[in-house]
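There are 2 protein chains.
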Amino acid sequence: MKRYKLIIAYDGTNYCGWQIQPRDITIESVLNEQLSKLIGEQVTVIGASRTDSGVHALGNVAVFDSDTTIPASRMARALNHHLPKDIVIQSCEEVDLEYHPRYQDTRKTYEYTIYNAEFNNPITARHHHFVYVPLDAKKMNQAAQIFMGEHNFISFCTTGGQAKTFTRTIYECTVEQKGNYITFRVTGNGFLYNMVRMMAGTLIQIGRGKKEISWVEEILNAAPKRVKAGPNAPAKGLTLVKIDYLNDNK
Amino acid sequence: MKRYKLIIAYDGTNYCGWQIQPRDITIESVLNEQLSKLIGEQVTVIGASRTDSGVHALGNVAVFDSDTTIPASRMARALNHHLPKDIVIQSCEEVDLEYHPRYQDTRKTYEYTIYNAEFNNPITARHHHFVYVPLDAKKMNQAAQIFMGEHNFISFCTTGGQAKTFTRTIYECTVEQKGNYITFRVTGNGFLYNMVRMMAGTLIQIGRGKKEISWVEEILNAAPKRVKAGPNAPAKGLTLVKIDYLNDNK
Chain A
242 MKRYKLIIAY DGTNYCGWQI QPRDITIESV LNEQLSKLIG EQVTVIGASR TDSGVHALGN
302 VAVFDSDTTI PASRMARALN HHLPKDIVIQ SCEEVDLEYH PRYQDTRKTY EYTIYNAEFN
362 NPITARHHHF VYVPLDAKKM NQAAQIFMGE HNFISFCTTG GQAKTFTRTI YECTVEQKGN
422 YITFRVTGNG FLYNMVRMMA GTLIQIGRGK KEISWVEEIL NAAPKRVKAG PNAPAKGLTL
482 VKIDYLNDNK
Chain B
242 MKRYKLIIAY DGTNYCGWQI QPRDITIESV LNEQLSKLIG EQVTVIGASR TDSGVHALGN
302 VAVFDSDTTI PASRMARALN HHLPKDIVIQ SCEEVDLEYH PRYQDTRKTY EYTIYNAEFN
362 NPITARHHHF VYVPLDAKKM NQAAQIFMGE HNFISFCTTG GQAKTFTRTI YECTVEQKGN
422 YITFRVTGNG FLYNMVRMMA GTLIQIGRGK KEISWVEEIL NAAPKRVKAG PNAPAKGLTL
482 VKIDYLNDNK
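If you read the protein sequences in the order shown, they are chains A and B.
Under the numbering used here, think of the first position of the first sequence as 242, with each following residue one higher.
Under the numbering used here, think of the first position of the second sequence as 242, with each following residue one higher.
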């Protein structure tokens, strides 16, 4: 028995998220189905991040166990041949049988992309959130700095998550503007349910002048009390860019 | 009677190009249909650039005549409300009745986007051409410089065009790499049928080392004889970025 680690990119538009659902098509269900077809035995992947419906990924991670004779070096190309075009394996390597994609120290990096102009750009519309009210990206970037470090993020998650603690550490947090695109990029040791989208929704409120920069501090300081943060920004703007494993024991 | 000028952006993936076809859905047919519905009379647009099937635009231009009472300042928003999400009017203004989007001196700017990596990026796959063979973008940029100026581009067009002369002037021509994306950007006073895609296909042959930089010069110097240039690169990588009207008589 060998364990294979996959790095997976996908356009989440047509999927009901990562996790298997009884009736809906998900990234996980498509991977299981096509891996099983390719290898000729029932295969079940374990994913690192259960991205929500409509969320994209450049570097989600999953492992699966198999006795297949297909070497890891050929697995990505062989599997891509079977997968729909909106799911593309980026790499495959063999790892220790103890390697688990979730129960390890990781740093996850997400990007939230906003298109800010009077009218939408239809070419990238599947992977940005369109905001026609002018946004002040510099102000958003200043507000983003307040997220840096260790905080109780209870107000930046929606109910429905399975988190036991709400403390997370943010290592990088920036808002950058290039032309009409504003990108919020954040790296942390973990994220609560809808946390990045609520951080994005909060920064947008500040960017459009509805709230002051100090609002982020007020929300964080209210913890452990849960107070109202910005709305959950739409899924289509969110991409899981990468997951770095700190003590990679492959 | 008033003449309205529209600037139009679209994701060309689901359309058989700009120009009306007997059976297929085109950008022009959708615009005519939705404009006619909005205004309540039969409206026919005249487009500046008849982009091919699958080609995208950020700034194609069209005009139409109407007696409507809808002011130009409200036309874009009203029309966008009727259009499918992959076609978005960027602006509308009133112009002289003599204003014709094609019979004027213009500079058109196109971008051809390549994603160059071992495996494809599914998030932007609708609007880039995926090349897995490593490309030398610096070499491609050097070759692109040879296109600058006035040349006979007879070898850089496929048959089927209606051009009477093959001489065109290129004002800007660059190849830039950012991460895995390589963008060929070109501005000229006009482009022959499939010209940008054949220029892109030629640069790709050079970038992958199949041909030398001097090949571009050889092809151009062979004119007026038609010789074999690079292949017509796929439509999905091409975007009409903008059309500048030099003597704008609006």
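Incorrect hints may have been included.
A pair counts as met if it fits within one copy or between any two copies, since identical chains are not told apart.
Said to hold, decoys possible - Result set (EDC-like, lysine to aspartate or glutamate): computed pairs, CA atoms no more than 20 angstroms apart in a straight line:
(1) 326 - 359
(2) 483 - 359
(3) 452 - 352
(4) 419 - 352
(5) 466 - 306
(6) 469 - 282
(7) 466 - 417
(8) 326 - 391
(9) 466 - 346
(10) 326 - 282
(11) 451 - 265
(12) 451 - 334
(13) 483 - 453
(14) 243 - 413
(15) 466 - 337
(16) 466 - 413
(17) 451 - 339
Hints listed in this document are in silico derivations from the structure and should not be mistaken for laboratory results.
In this text the structure is predicted, and so the values were computed from the model without any measurement.
Exercise for the section: Indicate which option fits the pair residue 483, residue 453 if close means a Cα-Cα distance not exceeding 20 angstroms: within, between, both or neither. Expected result: Intra 31 angstroms, inter 37 angstroms, cutoff 20 angstroms: neither.
Practice task
With 20 angstroms as the alpha-carbon cut-off, assign the pair residue 451 and residue 265 to within, between, both or neither.
Solution key: So residue 451 and residue 265 fail the 20 angstroms test inside a copy (38 angstroms) and across (46 angstroms) alike.
Problem - Within, between, both or neither: residue 466, residue 337 at alpha-carbon 20 angstroms - result: This pair counts as neither: shortest intra-copy Cα distance 42 angstroms, inter-copy 62 angstroms.
Problem - Alpha-carbon proximity context of residue 452 and residue 352, limit 20 angstroms - result: neither (22 angstroms within a copy, 38 angstroms between copies)
Problem - Same-copy or cross-copy closeness of residue 466 to residue 417 [CA-CA at most 20 angstroms] - result: neither (31 angstroms within a copy, 50 angstroms between copies)
Handout entry: Identical-chain pair category, residue 243 with residue 413, by Cα at 20 angstroms
Key = So residue 243 and residue 413 fail the 20 angstroms test inside a copy (35 angstroms) and across (54 angstroms) alike.
Exercise for the section: Go through the copies and call it for residue 466 and residue 346: within, between, both or neither, with a Cα cutoff of 20 angstroms. Expected result: neither (27 angstroms within a copy, 64 angstroms between copies)
Practice task
Go through the copies and call it for residue 451 and residue 339: within, between, both or neither, with a Cα cutoff of 20 angstroms.
Solution key: Answer is neither: 49 angstroms inside a copy and 46 angstroms across each miss the 20 angstroms cutoff.
Exercise for the section: Go through the copies and call it for residue 466 and residue 413: within, between, both or neither, with a Cα cutoff of 20 angstroms. Expected result: Answer is neither; intra-copy 25 angstroms and inter-copy 58 angstroms both fail.
Problem - Homomeric proximity label, residue 466 with residue 306: Cα distance no greater than 20 angstroms - result: Neither way: residue 466 and residue 306 sit 43 angstroms apart in one copy and 60 angstroms across, limit 20 angstroms.
Practice task
Up to 20 angstroms between alpha-carbons, please classify residue 326 paired with residue 391: within, between, both or neither.
Solution key: So residue 326 and residue 391 fail the 20 angstroms test inside a copy (39 angstroms) and across (41 angstroms) alike.
Practice task
At 20 angstroms max between alpha carbons, let me know whether residue 451 reaches residue 334 within a copy, between copies, both or neither.
Solution key: neither (48 angstroms within a copy, 32 angstroms between copies)
The structure shown violates the earlier hints numbered 3, 5, 6, 7, 8, 9, 10, 11, 12, 13, 14, 15, 16, 17.
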